[in-house]
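Next come the chains, spelled out residue by residue.
Protein chains: 2
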Amino acid sequence: MDKIYEIEGGINSVKGIYSAGVCCGLKEGKEDLALIYSEKISDAVGVFTTNAFQAAPVLVTQEHLKQKRAQAIIINSGNANACTGKIGFDNANQMAQLTASALNLPTESVLVASTGMIGKQLPMGKISSGIKKAADNLNRLSTDTTARAIMTTDTFPKEIAIEMELSSERKARLAGIAKGSGMIRPNMATKLCFLCTDLSIKPTILEKIFRKAVNQSFNNITVDGDMSTNDMALLLSNGLAGNACCRECDLEDLATFQDALTYVCAHLAKMIIQDGEGATKMIEISVQGALKQEEAKRAAYAIAESPLVKTSFFGERCLWGRILAAIGYCGIRVNPELVDVYYGPIQIVSKGTGTNQEAEAEKILQQKHINLLVNLHLGSEQAKILTCDLSKEYVTINMGYS
Amino acid sequence: MDKIYEIEGGINSVKGIYSAGVCCGLKEGKEDLALIYSEKISDAVGVFTTNAFQAAPVLVTQEHLKQKRAQAIIINSGNANACTGKIGFDNANQMAQLTASALNLPTESVLVASTGMIGKQLPMGKISSGIKKAADNLNRLSTDTTARAIMTTDTFPKEIAIEMELSSERKARLAGIAKGSGMIRPNMATKLCFLCTDLSIKPTILEKIFRKAVNQSFNNITVDGDMSTNDMALLLSNGLAGNACCRECDLEDLATFQDALTYVCAHLAKMIIQDGEGATKMIEISVQGALKQEEAKRAAYAIAESPLVKTSFFGERCLWGRILAAIGYCGIRVNPELVDVYYGPIQIVSKGTGTNQEAEAEKILQQKHINLLVNLHLGSEQAKILTCDLSKEYVTINMGYS
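If you read the sequences in order, they're chains A and W. Residue 1 is where the first sequence starts when you use my numbering, and the numbers rise one by one after that. Residue 1 is where the second sequence starts when you use my numbering, and the numbers rise one by one after that.
For the record, the hints were derived by calculation from the structure and aren't laboratory data. Treat the hints with caution; some may be incorrect.
Copies of the same chain look alike in the list, so a pair counts if it fits in one copy or across any two.
What the hints assert, rightly or not - Listed next, the in silico DSS-like pairs over lysine-lysine satisfying Cα-Cα at most 25 Å (straight line):
id, residue 1, residue 2
1, Lys66, Lys202
2, Lys368, Lys392
3, Lys132, Lys208
4, Lys351, Lys86
5, Lys68, Lys126
6, Lys351, Lys126
7, Lys132, Lys384
8, Lys171, Lys297
9, Lys212, Lys126
10, Lys68, Lys30
11, Lys297, Lys363
12, Lys3, Lys133
13, Lys40, Lys27
14, Lys368, Lys171
15, Lys126, Lys384
16, Lys126, Lys297
17, Lys68, Lys384
18, Lys351, Lys40
19, Lys66, Lys292
20, Lys132, Lys297
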């Protein structure tokens, strides 16, 4: 990690990347259409929701990605274009066509993403004029409006840019934007995340490295256990950094890039959890000592998605029985008489029973970032996931969301 | 069902059953200790939580039930005696011993149940004097205090009594009490439920009929997806109705009893959902047209436990995309282009896309009892479960529960 530095700016800090965020009228008075463009055709890879109801833009983008090349990404918020049938599919295709025409590209070079309410048809008049406006506004300046244009219930834009030192004494950059913040329980993908790099790297390796980074970041978070129909993470690599080495598989540079990509994805995943709907706290749940990694992960998710555990974190109350109950019903192998639980440094459960340290644990629970550690003491496998609490504000946001 | 009538009264309306509910000081100024006693030793069966962290009373009761006979049940609320180690186990045993001694019974004839906060040791002084008081107060009058004594966050006591006509022109009675109302996602058991009947029936058949009734009632409900460490449903059958037929396996009477038991369990399960923590609505979710019954059930639970679906019911908003998303991520086989969804009589989704009937559906959503029907149109299997909405009050109750 000593070869990776966070830098100012967003995706436009990557060589050859232009972007724009404009208002097209889907979200009154707010940016709702984002365009990302690479001056050079790029290698492109993506991961997508495993929800059976994949939204139209997910289907179109998967189709276009078959050639593993892309030059632009068009994204709207305020409407998910999901469960919209044949018309919705045609509209997603038309979004790609309109963008391709404005940028003078083949349609297949444009990837499409949408986020917002499910089940409404896109107002294509607004989208069409918005796409022209976005193409006219493409720039290499601030990317704040681009990051804002993909937000739904997010309260702040999420972006990060880093620079990495390559062995050839060259440098390359990697940057991304993402959005949350409800219906977050990614599986092989995330809500929406768009990454660009100017590193030159073999496409087959790119895909492998990308999947690994996503598995270690976006696939380890949950806000509410609800997996979206629109989850998508895309990565464009335009090769403009000028390095030759990664195409020749310089192992050291590949390791650097893997570190960089995992770092960037984890950073964005963390921002999504910090901005989870109604969240007041971020909770890092580690389950250790499991017989299988999958069992550790299942226990961590059961804890993270238990409404009783989540509300106790919101209330800053040390009700550790709810944590044991969740481990107990998630279907993994567990010996109740071996389990230890810690809130930060405070051991609250020893061998399955309480240590009477509630008062000390509740001091830890007042913090904004809490580490919860469970040790099953059965094996050596572990898993770590990020989640947030469940507040009254979550209910308020979602009882009326439209 | 024409041989079954609801009658006034609670468990004491069953021949030979006495009960009492007293205050022993676990819940300030409220009844917190219940005792149920049969004047005749009874056949007894039970079903229990499958949570790996089974509470001490669950372990003790399972041990005592090995003889398939019991004469009394002692239950405290306000303390779950779960995750309490060796001391907790000894305390649960002592509850049985103290009750046995007060009633002049062998210890193995007493079953024990607890509900309330996890992880605290029982104050045995209070329990001990409470048991004496309860034994002194055993009566055949109102059972309201008995039903109240097993409540935790419940807002009303839950009891029902029925009479059934047998083929021999005799009658028998069946009655029960239950409690909710958070950590409700039973699996082969329910939170707490105690049933008594004076019907005479073979113990092996009793167990089979009981499991079937539980599977069709308590195992089809969820408040928050959190399965408790203390779930338990017990049934005592003292044979005082004087019928001989069921021991000889009169098939008609067995069918009547199966209907009666399923009716009583379903009634109590429904009351638990109506009184779910913070619940403002009861929602009956039917999933039809599945390839397997298990898949129908998985989809129904995914819908019922989605925080986004639950909050939309609380907000009385027709956000049907959340229902499709839940079906889409629960891992069952589904063809998005075939799915229909109805809110009451209003079809809101046809072949996977919206019908623009939101305004009509939202009138249905204003009701207190809502039927949601999903048809997958893949096969002929179905499942039905009961749940409630997720309100701000649920968060308020659980952020500070102690």
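Here is how each hint holds up against the structure:
1. Lys66 / Lys202: within (16 Å within a copy, 66 Å between copies)
2. Lys368 / Lys392: Both: 17 Å inside a copy, 21 Å across copies.
3. Lys132 / Lys208: neither (35 Å within a copy, 69 Å between copies)
4. Lys351 / Lys86: Between copies only: 11 Å across, 57 Å inside.
5. Lys68 / Lys126: neither (30 Å within a copy, 72 Å between copies)
6. Lys351 / Lys126: neither (61 Å within a copy, 27 Å between copies)
7. Lys132 / Lys384: neither (44 Å within a copy, 50 Å between copies)
8. Lys171 / Lys297: neither (36 Å within a copy, 54 Å between copies)
9. Lys212 / Lys126: Classified as neither; 38 Å inside a copy, 57 Å across copies.
10. Lys68 / Lys30: Intra 33 Å, inter 68 Å, cutoff 25 Å: neither.
11. Lys297 / Lys363: Neither: 27 Å inside a copy, 41 Å across copies.
12. Lys3 / Lys133: Classified as neither: same-chain Cα gap 39 Å, cross-chain 74 Å, threshold 25 Å.
13. Lys40 / Lys27: neither (31 Å within a copy, 71 Å between copies)
14. Lys368 / Lys171: Classified as neither; 36 Å inside a copy, 63 Å across copies.
15. Lys126 / Lys384: neither (43 Å within a copy, 43 Å between copies)
16. Lys126 / Lys297: neither (43 Å within a copy, 42 Å between copies)
17. Lys68 / Lys384: neither (32 Å within a copy, 45 Å between copies)
18. Lys351 / Lys40: Result: close neither inside a copy nor across copies, 59 Å intra and 41 Å inter.
19. Lys66 / Lys292: neither (35 Å within a copy, 34 Å between copies)
20. Lys132 / Lys297: neither (45 Å within a copy, 48 Å between copies)
The structure fails to meet hints 3, 5, 6, 7, 8, 9, 10, 11, 12, 13, 14, 15, 16, 17, 18, 19, 20 from the earlier list, while all remaining hints are met.
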